[in-house]
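2 protein chains.
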Amino acid sequence: MKILILGGDGYLGWPTAMHFAARGHEVAVADNLGKRFWEAEMGVTPLFHIPPLQRRVRIWNEMKRGPKPMKLYIGDIAQNHRFVYHLFEDFRPDAVVHYAEQPSAPYSMVSRLQAVSTQVNNVSGTLNVLFAMKRYTPAAHLIKLGTMGEYGTPNIDIEEGWIEIEHKGRKDRMLFPKQPGSFYHLSKVHDSHNIEFACRIWGMRSTDLNQGVVYGMETDETAMHPELLTSFHYDEIFGTALNRFAVQAVAGMPLTVYGAGGQTRGFLNIRDTLQCVELAAMNQAKEGEFRVFNQFTEAFSVMDLAHKVKEAGEALGLNVAIANVENPRIEKEAHYYNPKNTALFSLGLKHHPLTQDVIMGMLKKIMSSRDVIDRATINPTVKWRKS
Amino acid sequence: MKILILGGDGYLGWPTAMHFAARGHEVAVADNLGKRFWEAEMGVTPLFHIPPLQRRVRIWNEMKRGPKPMKLYIGDIAQNHRFVYHLFEDFRPDAVVHYAEQPSAPYSMVSRLQAVSTQVNNVSGTLNVLFAMKRYTPAAHLIKLGTMGEYGTPNIDIEEGWIEIEHKGRKDRMLFPKQPGSFYHLSKVHDSHNIEFACRIWGMRSTDLNQGVVYGMETDETAMHPELLTSFHYDEIFGTALNRFAVQAVAGMPLTVYGAGGQTRGFLNIRDTLQCVELAAMNQAKEGEFRVFNQFTEAFSVMDLAHKVKEAGEALGLNVAIANVENPRIEKEAHYYNPKNTALFSLGLKHHPLTQDVIMGMLKKIMSSRDVIDRATINPTVKWRKS
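Protein chains in written order, with full-length UniProt numbering: chain A, 1 to 387; chain B, 1 to 387.
The set of hints was computed from the structure by calculation and includes no laboratory data. From a predicted model like this one, the values you see are computed outputs, not experimental measurements. There could be a bad hint or two in this list.
Which copy? The list can't say, so a pair holds if one copy fits it or any two copies do.
To be verified - No more than 20 Å apart at the CA atoms, straight line, and that leaves these computed lysine-lysine pairs for PhoX-like:
| hint | residue 1 | residue 2 |
| --- | --- | --- |
| 1 | K386 | K286 |
| 2 | K340 | K364 |
| 3 | K308 | K2 |
| 4 | K134 | K386 |
| 5 | K383 | K134 |
| 6 | K332 | K171 |
| 7 | K386 | K71 |
| 8 | K310 | K168 |
| 9 | K383 | K168 |
| 10 | K134 | K350 |
| 11 | K350 | K340 |
| 12 | K340 | K168 |
| 13 | K340 | K386 |
| 14 | K2 | K71 |
| 15 | K71 | K286 |
| 16 | K386 | K171 |
| 17 | K364 | K383 |
| 18 | K71 | K168 |
| 19 | K2 | K134 |
| 20 | K365 | K286 |
| 21 | K71 | K350 |
| 22 | K134 | K310 |
| 23 | K2 | K64 |
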């Protein structure tokens, strides 16, 4: 299968590219390297030095693990539609895994500039991909990364993208109503609506993966070579909850739980992201189908998560405190949460549970870079509230 | 009350500005004159020559009907946030009526360029307005024009923006799920989600007016002076159903019903648009409230509408034929349709029904410009379907 990974320089894009290549698929990666600019703008870096994408692709190709060398396209899918058209005309993918978006909720809440640029970037990029697919690869399968954060925390069970609504004696199957929590999450909601429309009117096939919070940094392929690693963030902007807690534990800083910590979210191991994306690709959506999978394996409250990290840290001799800090976000800190995630399991997902061993593995890796942790970038400064 | 009209050069923006000014409000209008560019790009013009906005404002102000002269700001709310910030800092409105968007579904379906520019323009402009309001007029009321087309044609009753969903024994009040029919309609759905978020996190107050198809060209104020008229379109791009049929009847062309004509939509007289917007402004949303009104007065199928125009035309001695043409859009041509519109009536709306007199009045006005009708711009060429 020919698989195009959009956003191949990112935390998940790069491991996904290697994952497919290692399994015999022909892979191309595309990226505008925009994440490296956003990191510079925010003054943060991944914990481990990440070689340029060009170098990682070269190293991968020298290992000769795939049937063909991985192809690399550098360009911007949002600002340069001719780049996107060239990409699809040249590579002609069977499946497209689309990670190529500004990925941070706090970034989108910094100010007007970041809010607007996040939405323009994410929405335009996805529209350009839809038009390029319509033109060059109308039968290809678009696998789009969304987020569980699109749903918010409604007082009813969260279904997988669609819900049968019975209202005043009549019924319809409708898109599940969304209540996203940031301008970033909103951009993903906009994408979902645009993609559903393209499926409806052009007969495109798409799977929207509403992903939970991803943790971890190692996959089978990143472990093959020290320079094939992926971007691991622990800062307030790009660091997700568990990754950030793990670094705080190693740095001897209290784990900063936002507010009461009763916020419950879906989580998954980075290895399971790869498995889920592969399952989606191997079981493609039907012509005209806009299919949604909720992509997480376990749900925890933020406070539960902090306690798990504290326990694992203490088993390694670290002294770990937990601090409830003022919540920079506006979100319910105690709420009903029962999202469905059966679709991917029914396709065969075998998940990696969040065990103490997994957390200890992360902590040990982080300890090897303890000295370079930038403690000034971890605690929240970006606030949702009107200043 | 200080009322800011965004999109004051448009079909509805200009009559709205005069309507408020004539009723003793202090009014400012802003526009980037973008609609005049889009008209040029598509090769279409309004039926009657529309003087520059600057001239119309001057004529209005010379009539001294308002308490203060109407203010005019020329600039782009989507591309120039400093213009938007200046607007709010300088004028400090109590209410903002936001029409300043690319308003055509067919325009948004012309090609990739128009799809992307419509969404970027509409979404960025609204985001800039939200940030400007947060900064300078956080207590002001945003009255945003949406469209009934955001809902599509679900098989359940269409409520006004929100719906109480009962699902597996639990309940929540959620945004009504949308199934918009074009990239333009999608842009309005994106706006609604962004505005709901701003109300939720910043405590802004907003009314989203999901408006039906507007017809007519005359209001109390446009009738005051021959140069105070508003932009009346009959072309495939900017002409709405009834307006287009009326011009076809006068031009001796068959009324082009798209497909079977069973498509049912909400309609309203342009005079009632002004009344509805005024009712929204005089009864403002509460702090933090995202309120939605469905703004139409009567529902008709497209075929019903064609028959009404045919009857009125024949009463005036015109020879009117109806032709079912291939539907350029992708939409259901027979469907359930029961949208609610009680909120505005309960605030006191007294509507102008679509009588034969009303249609005959439109036809007579159009007859006075029969010779300048550009017949080549009326029949549909923009297609929704994958070519």
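Query - Within, between, both or neither: K2, K71 at alpha-carbon 20 Å - result: within (11 Å within a copy, 59 Å between copies)
Query raised in the report: With identical chains treated as interchangeable, where does the CA-CA distance between K386 and K71 reach 20 Å or less: within a copy, between copies, both, or neither?
Result: neither (45 Å within a copy, 29 Å between copies)
Query raised in the report: Under a CA distance limit of 20 Å, which applies to K71 and K286: within one copy, between copies, both, or neither?
Result: Cα proximity of K71 and K286: none, with 27 Å in one copy and 55 Å across.
Query raised in the report: Is it within, between, both or neither when you check K383 against K168 at 20 Å Cα-Cα?
Result: neither (41 Å within a copy, 36 Å between copies)
Query raised in the report: 20 Å Cα cut-off: does K71 pair with K168 within a copy, between copies, both or neither?
Result: The answer is neither: 54 Å in one copy and 48 Å across copies each exceed 20 Å.
Query - Intra- versus inter-copy proximity for K134 and K383 (alpha-carbon distance at most 20 Å) - result: Only across copies: K383 and K134 sit 14 Å apart there, 40 Å inside one copy, limit 20 Å.
Query - Homo-oligomer pair classification [K386, K134; C-alpha up to 20 Å] - result: Close across copies (7 Å), not inside one copy (41 Å); limit 20 Å.
**Report entry** K2 and K64: within-copy, between-copy, both or neither at 20 Å Cα
**Finding:** This pair counts as within: shortest intra-copy Cα distance 17 Å, inter-copy 69 Å.
Query - Homomeric proximity label, K340 with K364: Cα distance no greater than 20 Å - result: neither (33 Å within a copy, 60 Å between copies)
Query raised in the report: Which holds for K2 with K134 at a C-alpha limit of 20 Å: within a copy, between copies, both or neither?
Result: within (17 Å within a copy, 47 Å between copies)
Report task. Measure nothing new, just compare the shortest in-copy and cross-copy C-alpha distances for K350 and K340 to 20 Å and report within, between, both or neither. Result -> within (16 Å within a copy, 47 Å between copies)
Requested in this report: Check K310 against K168 for me: Cα-Cα at most 20 Å, and say if that holds within a copy, between copies, both or neither.
Outcome: Neither, since 50 Å and 37 Å both go past 20 Å.
Hints 2, 3, 7, 8, 9, 10, 13, 15, 16, 17, 18, 20, 21, 22 from the list above are not met by this structure, while the remaining hints are.
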